[in-house]
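**Q** Okay, here's what each chain looks like letter by letter:
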Amino acid sequence: MSAIRWDVTFVVYRAKGDEASHFDTFKLSIDPDEYVLDGVEKIWAFEDRSLCFRHACHHSTCGACGMRVNGVEKLTCITLIRDVTQDGGTLKIEPLRNFPVVSDLVVDMGSLYLRMDEVHARPVVPVPEAEIEKSPKEWPPDDYEYLRLSDCIECGLCMSACPISATSPTYLGPAVLAGAQQNGLSRNPSLLEIVDAENGVWRCHSAYECTAVCPSYVDPARRIMDLRRQVVSERLKRLFNRPKPKIAAVQEANR
Amino acid sequence: MNTSKNQPSPSRLLNWFNPRGRSLEGMAFILNRITALGLTLYLFLHLIVLGTLARGESAYDSFIELVHNPVYIFGEFLVVAAGLIHGFNGLRIFFTSLGIAVPRQKAMLYVLMAIALVASLIFGLRMFTA
Amino acid sequence: MAEVTLQKSLSAPKTGENTWLWLLKLVTGPLILVLIVVHFVVNHYIGSNGLLTYREILNYYRIWIVPIMEGLFLVLVVSHALLGLRSIILDMHPSRSVLNLINWLFLIAGVVSVVYGIWLIRVVVANIPGS
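Residue numbers (the numbering used here), protein chains in the order written: chain A, 11 to 265; chain B, 77 to 206; chain C, 123 to 253.
Be a bit skeptical, because a hint or two may be false.
What the hints assert, rightly or not - DSSO-like mimics (lysine-lysine), calculated; alpha carbons at most 30 Å apart, straight line:
| # | chain 1 | residue 1 | chain 2 | residue 2 |
| --- | --- | --- | --- | --- |
| 1 | A | Lys102 | A | Lys37 |
| 2 | A | Lys52 | A | Lys37 |
| 3 | A | Lys26 | B | Lys182 |
| 4 | C | Lys147 | B | Lys182 |
| 5 | C | Lys147 | A | Lys26 |
Stated by the list, open to error - Going by beta-carbon spacing under 10 Å, a handful of chain C positions derived as facing chain B:
| # | residue |
| --- | --- |
| 6 | Trp144 |
| 7 | His166 |
| 8 | Leu242 |
| 9 | Asn249 |
| 10 | Ile250 |
What the hints assert, rightly or not - Ranges of calculated distance between the beta carbons of each label pair, as one might list FRET restraints:
| # | chain 1 | residue 1 | chain 2 | residue 2 | range |
| --- | --- | --- | --- | --- | --- |
| 11 | B | Lys182 | C | Ile185 | 36 to 42 Å |
| 12 | B | Leu113 | C | Val149 | 18 to 24 Å |
| 13 | A | Lys26 | B | Ala177 | 46 to 52 Å |
| 14 | A | Glu203 | C | Gly193 | 34 to 40 Å |
| 15 | B | Phe204 | A | His130 | 55 to 61 Å |
Simulated from the structure, these hints should not be mistaken for laboratory data.
Cβ atoms here follow ideal geometry from the backbone N, Cα and C, with glycine treated the same way.
Kindly generate the complete structure, drawing on both the sequences and the hints.
**A** Shown next, in the form of structure tokens:
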């Protein structure tokens, strides 16, 4: 911790129960090399104990502390104060968009978690399948024995940033589609009917806001484009290769 | 739970056009949507107005005389620019949607928008000096 | 609340948009780009006085491929525009009944526009001197 101190005004979104939402202002003298989450915690600790916010790991692993900082989705535990404001500046802190507000900065992320479950998004994957930069066939077969945590920490920043998620409550959203892509349609053919739908890949309009705000290198937009390629490929295969043995076998197994 | 203002809703469609905090590609999305709506409106107006062709030479040429003024020419210029911007940005979406050059999509955006801008300027120069 | 939204998402009939509709919109795009550049060059660049006069249009339509090209341009642009507008409306998650109404309205608008446009092309071709 350095001795430098910046005077920063935090303008924080407040919403309790059925009361109308409003903003509270807090002036902090804070080390600019601290994180935005540190500032929010200081407000809770020393200014207002009724402030609700979500946090856990403080090192961008759990995805709990997603908020909007000056209108942009950020993982506040890794967002330095000096990167988003200046001495004497203002930080506007709001909850993520497109999720119901529970209280203040806490939103109900249930819909995201349920959808991730429905597309069988895998939290642990073989190393070659975790990467999107190199296609799996470039990896030595032995590397498939090594597992690692999937990049997606289900923070919801992409869902908040997506302009289509703002107007369509049933759009699966970038994180969910990215999770489906990582599974792959050849491994999980039942996903085809979920993603090849009006609420699936075709709702994406290539705004790339999801990739811009993702703190964890998931690159959801790229994964959605790859998922589209998979969907088109799968549909073309089925067009020229009827009947559909994979779907039929899955349906038979599910009866 | 205070849910009303933060839920996805069709009433929040103005959010599509809000440039604050957007990435470059987000701005391209906004531009694509605005040009799409503008061009669609223009398309149907254009088809209606072209009906003067069926009414003969004097009817059509009178209409051409009417629109040969700076206001209409500026409007036409906007249509040309919108068509080029939407078309070239659309080309980027075409390629990336088929999985082609996705990691290069930002560079593609710069190049294609530059082409659209230059082409618009060339057309604009011609249209305003004709 | 989250479960209800999820159920609606997964159980909604898949009539809104699918691979084929979307591919149609996508594939028409680059074709339109080529034709629209030709259209812009002819109508806003080559014309001696800015926009083409009636006679200049008739002369242009003498070239055999022009009516075919313009007809194709019309079909592609109308399809792309209406599919695109429909896609924007789908972004607002309309109800099934609203979507059905939109589908019919757009289908009618598209067919009427294309029929009208092709009729106009025929009128122009018929008025070419010597045709």
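**Q** Of the numbered hints stated earlier in the document, which are not met by this structure?
**A** 3, 5 and 10
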